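Taken in order, these protein sequences are the chains called A and B. Under the working numbering, the first residue of the first sequence is numbered 9, with each subsequent residue one higher. Under the working numbering, the first residue of the second sequence is numbered 9, with each subsequent residue one higher.
Don't take each hint at face value.
Pairs involving identical chains hold if they fit within one copy or between any two copies, as the list cannot separate such chains.
Each computed SDA-like pair below joins lysine to any residue, with the alpha-carbon atoms no more than 25 angstroms apart [unchecked claim]:
{"#": "1", "residue 1": "232", "residue 2": "401"}
{"#": "2", "residue 1": "355", "residue 2": "277"}
{"#": "3", "residue 1": "232", "residue 2": "95"}
{"#": "4", "residue 1": "351", "residue 2": "84"}
{"#": "5", "residue 1": "351", "residue 2": "410"}
{"#": "6", "residue 1": "232", "residue 2": "415"}
{"#": "7", "residue 1": "355", "residue 2": "167"}
{"#": "8", "residue 1": "351", "residue 2": "59"}
{"#": "9", "residue 1": "232", "residue 2": "101"}
{"#": "10", "residue 1": "355", "residue 2": "275"}
I should point out that these hints are in silico values taken from the structure, not numbers from a laboratory. Bear in mind that the values here come from a model prediction, so they are computed numbers and not experimental data.
Number of protein chains: 2
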Amino acid sequence: MVHHRGNNLHIVATSTALLTDHYELTMLEAALRSGAAHRRAVFEVFARRLPEGRRYGIVAGTGRVLDALENFRFGPEELDFLRERRIVDESTLRWLSEYRFSGDVYGYREGDVYFPGSPILVVEGTFAEAVMLETVILSILNHDCAIASAASRMTHAAGGRPLIEMGSRRTHEMAAVASARAAYIAGFATTSNLAAGRRYGIPTAGTAAHAFTLLHDSEADAFKAQLASLGPGTTLLVDTYDVEQAVRTAVELAGHRLGAVRIDSGDLALAAGEVRRLLDALGADQTRIVVTGDLDEHSIAALAVAPVDGYGVGTSLVTGSGAPTASLVYKLVARADESGELKPVAKRSVGKPSVGGRKHAYRRFDESGTAVAEIVCAHCDVPGPSDRPLLAQLVSGGEIVGREPLADARARHARAIAELPAPALQLSRGDVAIPTTLITA
Amino acid sequence: MVHHRGNNLHIVATSTALLTDHYELTMLEAALRSGAAHRRAVFEVFARRLPEGRRYGIVAGTGRVLDALENFRFGPEELDFLRERRIVDESTLRWLSEYRFSGDVYGYREGDVYFPGSPILVVEGTFAEAVMLETVILSILNHDCAIASAASRMTHAAGGRPLIEMGSRRTHEMAAVASARAAYIAGFATTSNLAAGRRYGIPTAGTAAHAFTLLHDSEADAFKAQLASLGPGTTLLVDTYDVEQAVRTAVELAGHRLGAVRIDSGDLALAAGEVRRLLDALGADQTRIVVTGDLDEHSIAALAVAPVDGYGVGTSLVTGSGAPTASLVYKLVARADESGELKPVAKRSVGKPSVGGRKHAYRRFDESGTAVAEIVCAHCDVPGPSDRPLLAQLVSGGEIVGREPLADARARHARAIAELPAPALQLSRGDVAIPTTLITA
Chain A
9 MVHHRGNNLH
19 IVATSTALLT
29 DHYELTMLEA
39 ALRSGAAHRR
49 AVFEVFARRL
59 PEGRRYGIVA
69 GTGRVLDALE
79 NFRFGPEELD
89 FLRERRIVDE
99 STLRWLSEYR
109 FSGDVYGYRE
119 GDVYFPGSPI
129 LVVEGTFAEA
139 VMLETVILSI
149 LNHDCAIASA
159 ASRMTHAAGG
169 RPLIEMGSRR
179 THEMAAVASA
189 RAAYIAGFAT
199 TSNLAAGRRY
209 GIPTAGTAAH
219 AFTLLHDSEA
229 DAFKAQLASL
239 GPGTTLLVDT
249 YDVEQAVRTA
259 VELAGHRLGA
269 VRIDSGDLAL
279 AAGEVRRLLD
289 ALGADQTRIV
299 VTGDLDEHSI
309 AALAVAPVDG
319 YGVGTSLVTG
329 SGAPTASLVY
339 KLVARADESG
349 ELKPVAKRSV
359 GKPSVGGRKH
369 AYRRFDESGT
379 AVAEIVCAHC
389 DVPGPSDRPL
399 LAQLVSGGEI
409 VGREPLADAR
419 ARHARAIAEL
429 PAPALQLSRG
439 DVAIPTTLIT
449 A
Chain B
9 MVHHRGNNLH
19 IVATSTALLT
29 DHYELTMLEA
39 ALRSGAAHRR
49 AVFEVFARRL
59 PEGRRYGIVA
69 GTGRVLDALE
79 NFRFGPEELD
89 FLRERRIVDE
99 STLRWLSEYR
109 FSGDVYGYRE
119 GDVYFPGSPI
129 LVVEGTFAEA
139 VMLETVILSI
149 LNHDCAIASA
159 ASRMTHAAGG
169 RPLIEMGSRR
179 THEMAAVASA
189 RAAYIAGFAT
199 TSNLAAGRRY
209 GIPTAGTAAH
219 AFTLLHDSEA
229 DAFKAQLASL
239 GPGTTLLVDT
249 YDVEQAVRTA
259 VELAGHRLGA
269 VRIDSGDLAL
279 AAGEVRRLLD
289 ALGADQTRIV
299 VTGDLDEHSI
309 AALAVAPVDG
319 YGVGTSLVTG
329 SGAPTASLVY
339 KLVARADESG
349 ELKPVAKRSV
359 GKPSVGGRKH
369 AYRRFDESGT
379 AVAEIVCAHC
389 DVPGPSDRPL
399 LAQLVSGGEI
409 VGREPLADAR
419 ARHARAIAEL
429 PAPALQLSRG
439 DVAIPTTLIT
449 A
């Protein structure tokens, strides 16, 4: 167990070393025995395809990968388990007890867009030290990219109106924290998740549920209690009994300074229109309307013409809006031979085109600054005049060098989206926004 | 932070108190101020519906809920965060610093089946102490029930052939551990996830990936290395280059005692048939065939006639096979009034039938022992002669009394499935297997 500092908070991190598939350790043992374990190797994380109909993906989770890498250590508890279960032999256990990743990692930065074939993460080291990271790296990136990719579409659909991430209850309790982080990168304004607030500094939001109204003897009692505690700027939930009556009660009790009302059921467009007219008629024309209740990017887009001031999104966000995993793979693309020379390798695959070897990646722009292609090439370490390099060094000789504030990732997302050609942002099922050009020569 | 003992392993557990939505704490503060916080309350976890076309659901996660409840404590780090962010006031912080759940919890046992309206978990306490548990309870149950429900269908489809859970890389790294646990409850034989092996004692399995073959100068070198390390009983992966040649090489090197071969791509039914004939022709008639590669319950069922000895399942398992969350809700169903009398409460909902008040639940059987109905009733604390009570006490006055070994949950799953009427086990989209009868009088 090591202590590390993230966002100026002390976090007690347990080892991530067993967030690993059994076969990674049996491969390690066999490769240590054959001697091939020490061959230099390059692994690459990429998606063969995007979820059906998606036009782009968003990179998220890289920062969490760096945290996991830092805590990837086999301590006495991990080694005892492996010994008791006889998963690997004693010489492998000794090797594991001294395990520190000593290689290099390059990757796309969080918030950037990606396409099929984009080398989102490149891990270089010995086969032994790199093969063991497969599962934990893929777990993090497959989850966080899936959530961020869905969140990005919702942010665009909301057209500047703020989005609240409130899906914690619909996903695994730790996935919830990571989901809040991914959504924030992709433009969500706040999260309901307190652990995400503490761990990552994300703004948190929330006021009251139906249970709070039901707890009290009347809706007016509940509103009074909430206003006494949170002040008139709070958001009152108005659909427990009768929306119209609730709005009248709310304005009566809070006055014109009432911050917002929340509608969580029914025909949200219709209800928002009626509530807006009523609020205005009651003089509460500054009171905002927040809507929640099984929203996704399509229903958010459909509410564009409704007088809505903010959206809360839960289930569809944390389940990736139909694509809960990003289909990223971690593939050995090159390894040294006996002479030490790095040789590209690739499985014989039907319908799975891939290029062996260590690659570079650039995004190419036209004169107006619009992205036109993703260039992935094996021998092109100098970008063209209109190319932006996409791979940043994240780990150098085992040392983490690629941390950045979450705000930088969030700003990068906004920029990267703005550079895409217009059709990329259509919500309908479509083709990938820009082609990925693999150059192997 | 507290230390607790699970499966005889010391686990350092951090506080679960911030795996909570912001609004639970603002409700707490407002209710403490209004005085209603101390009213006795009953919250119930249930599903209004199953995922589309599903005929039953499987309860999983209850044991993890008990772990989370035990670690739901506001220590200095949690309180400092809430103070710095001004999420609640000082008197609420004092209340939180002494927070211990002191109420009762009843629930369905893990591995049992559930239907719409089944009160899977019932939490009784003061409003204040019970309302705060909403998010962490729902996160755990919504995830674990979704995975177990998918896993159960796969187990049935496999018809006794063993299933390996290998989806860790396709889901959040901690959701992966919980997924392995849920799948094991629902009948999976093993998992690839080492953390699940250590934390929950689940058997783990795995041998080698394509990267191991690509690392070596030839497939034969790779197989030799694996056999030297893991012995002839291992499973050799035979689809890196040419399956037929790989099988010949494998038998040549390992002899007739070769444990198994794994096929991860192509037309699995066709390939399994060809490989079976080849293995038999080579004298390796005891060598098993394991297939992997984007399997779900439907493709598993379709392989029933193929000579397959085991299945590895990844993505579809950890994403709930189309239903990544179980749609469970945590609703206030009764609370005391000023006099202390418990009163049923319910939100006015269109199309959301619910019954207020504390309930009992029984499964009713016909003379042959087949389940015929789920009885949920408010005033029926004695089961009928053919009824089995479904709610067990899990927490009594704040003390956890409902822990059980995972093996018990796994055995219960097998029994509960065997009791269902035959149509329940069809994989096609259909109606809920047995009706839920709500008796309110």
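Evaluated hints:
1. For a Cα distance limit of 25 angstroms, the shortest separation of residue 232 from residue 401 qualifies neither inside one copy, at 55 angstroms, nor across copies, at 37 angstroms.
2. Only between protomers do residue 355 and residue 277 lie at most 25 angstroms apart by alpha-carbon distance; the minimum there is 21 angstroms, versus 52 angstroms within a single protomer.
3. Taking identical chains as interchangeable, the C-alpha atoms of residue 232 and residue 95 lie at most 25 angstroms apart only when they sit on different chains, with a minimum of 19 angstroms there against 61 angstroms within one chain.
4. Taking identical chains as interchangeable, the C-alpha atoms of residue 351 and residue 84 are never at most 25 angstroms apart, the minima being 37 angstroms within one chain and 54 angstroms between chains.
5. When the C-alpha separation of residue 351 and residue 410 is checked against a cutoff of 25 angstroms, the pair qualifies neither within a copy, at 27 angstroms, nor between copies, at 57 angstroms.
6. In this assembly of identical chains, residue 232 and residue 415 lie within 25 angstroms of each other by CA distance neither inside one copy nor across copies; the values are 37 angstroms within and 50 angstroms between.
7. Proximity of residue 355 to residue 167 under the C-alpha cut-off of 25 angstroms is found in neither arrangement, the shortest distances being 44 angstroms within a copy and 32 angstroms between copies.
8. For a Cα distance limit of 25 angstroms, the shortest separation of residue 351 from residue 59 qualifies neither inside one copy, at 31 angstroms, nor across copies, at 48 angstroms.
9. With identical chains, the CA atoms of residue 232 and residue 101 are at most 25 angstroms apart between copies only, with a shortest distance of 22 angstroms across copies and 63 angstroms within one.
10. When the C-alpha separation of residue 355 and residue 275 is checked against a cutoff of 25 angstroms, the pair qualifies only between copies, where the shortest distance is 17 angstroms, while the shortest distance within a copy is 52 angstroms.
Of the numbered hints listed earlier, those contradicted by the structure are 1, 4, 5, 6, 7, 8.
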